[in-house]
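Now for the letters of each chain:
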Amino acid sequence: MSVVIETPRSPRSRKGANWEKYGWMYMRISGAILVALIFGHLFANLMVGEGIHAIDFAFVGGKWANPFWQVWDGLMLWLALIHGTNGMRTIVNDYVERQNVRKALVWALWVICGALIVLGTLVIFTFDPCPAGSDPSLLPSFCTK
Amino acid sequence: MPTKPAGTLYRGKVGMWSWVLHRITGVAIFFFLLVHVLDTALVRLSPEAYNAVISTYKTPLIGLAETGLVVAILYHALNGVRIILVDFWRKGAKYQNKMWWAVLVICVALFVPFAIRHLSNVFHIG
Ligand code: HEM
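Chains A and B, in that order, are what the protein sequence lines are.
Mapping to my numbering: the first sequence position 139 is 139, numbers consecutive.
Mapping to my numbering: the second sequence position 88 is 88, numbers consecutive.
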């Protein structure tokens with residue numbers, strides 16, 4: 001396996017956008033916002049009231065009936081998945097030496113990222129907290145009012 | 001007299017270990033996030049399906065694993081802030097070593113109250 005290393009002192013190409021730089025900035029900007037989003041998420045779901053034992057369908061239904069938590073969770077979903085996927089891309093680039101394997105892995109990472117973003121966004125924004133025909137005891141209390 | 005190679009900014013010191021831990025915790029959180037988006041998506045299927053899967057999160061085993069996950073998140077988040085300060089704060093590089101120890105202290109300071117509250121919920125204490 002031979003690796004081609006660019007001549008160290010050659011200037012970087014100025015053709016096209018500098019995507020590595022935007023990726024580098026994205027990791028830092030998204031990271032700073034994610035601190036607040038993730039700490040708030042853990043506090044609201046695990047520290048308040050009965051914590052983990054309170055989490056069920058009705059709990060999630062109650063949260064997403066509020067646009068505040070829909071936007072919170074939606075932002076967290078997009079920022080964290082793109083941040084995590086781009087971080088995994090860096091790691092793959094570091095350790096995978098065979099070009100075609102490396103390209104396939106990076107491609108797979110972005111496909112998974114895109115699929116989960118679409119799935120998660122649909123779940124948050126098309127969610128019905130009171131599905132017809134469900135056992136009312138499993139639903140948020142506002143369904144039966 | 002041959003001497004051992006002097007350490008560099010990164011090799012074998014805080015600069016290296018902080019990075020090793022940042023990388024490992026980043027990967028762990030990434031894989032958890034994949035699972036977490038999928039388990040949450042079950043709310044779209046039925047209340048029964050979601051409740052069945054989420055009830056496994058309430059077992060002692062997963063309760064403990066979740067505590068470990070929070071350790072990883074605390075470290076990655078706070079060390080991430082340290083990286084941002086090293087890159088953007090004028091004195092960041094000068095204080096990177098001290099800031100790493102501060103990261104560890106703040107991790108412990110946040111972890112202890114979290115663990116007390118979460119584990120007493122998991123094990124129904126109090
Ligand atoms: C809680 C707030 C977070 C902060 C402040 C943060 C910060 C950072 C920073 C500054 C980097 C370094 C990027 C670089 O060196 O160019 C990074 C890398 C990374 N992050 Fe995060 N992050 C956070 C949350 C997350 C989450 C939720 C995930 C997973 C989904 C994640 C996964 C990763 C991965 C896999 C890397 C690459 C590690 C490496 O290259 O060694 N991070 N993070």
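One thing to keep in mind: the hints can contain errors.
[Claimed, not checked] Straight line, CA to CA, 30 angstroms or less: simulated DSSO-like cross-link-like pairs of lysine-lysine: (1) B:K13 - A:K63; (2) B:K91 - B:K13; (3) B:K58 - A:K21; (4) B:K98 - B:K13; (5) B:K91 - A:K63; (6) A:K63 - B:K98; (7) A:K21 - B:K98.
Rather than coming from a laboratory, the hints here were simulated on the basis of the structure.
Every value quoted in this text rests on a predicted model; they were computed, and no experiment measured them.
Consistency of the hints with the structure:
Restraint check for K13 of chain B and K63 of chain A: not satisfied, since their Cα atoms lie roughly 45 angstroms apart, outside the 30 angstroms limit. Our distance criterion of 30 angstroms between C-alpha atoms is met by K91 of chain B and K13 of chain B, whose separation comes to about 19 angstroms. A hinted pair counts as satisfied when its Cα atoms are at most 30 angstroms apart, and K58 of chain B with K21 of chain A does not qualify at roughly 42 angstroms. At most 30 angstroms may separate the alpha-carbon atoms for a hinted pair to count; K98 of chain B and K13 of chain B meet this at roughly 12 angstroms.
Between K91 of chain B and K63 of chain A the alpha-carbon distance is near 42 angstroms, which puts this suggested pair outside the 30 angstroms criterion. Annotation: proposed proximity of K63 of chain A to K98 of chain B is violated, straight-line Cα distance about 40 angstroms (limit 30 angstroms). With a CA separation close to 28 angstroms, the supplied pair K21 of chain A and K98 of chain B stays within the 30 angstroms bound.
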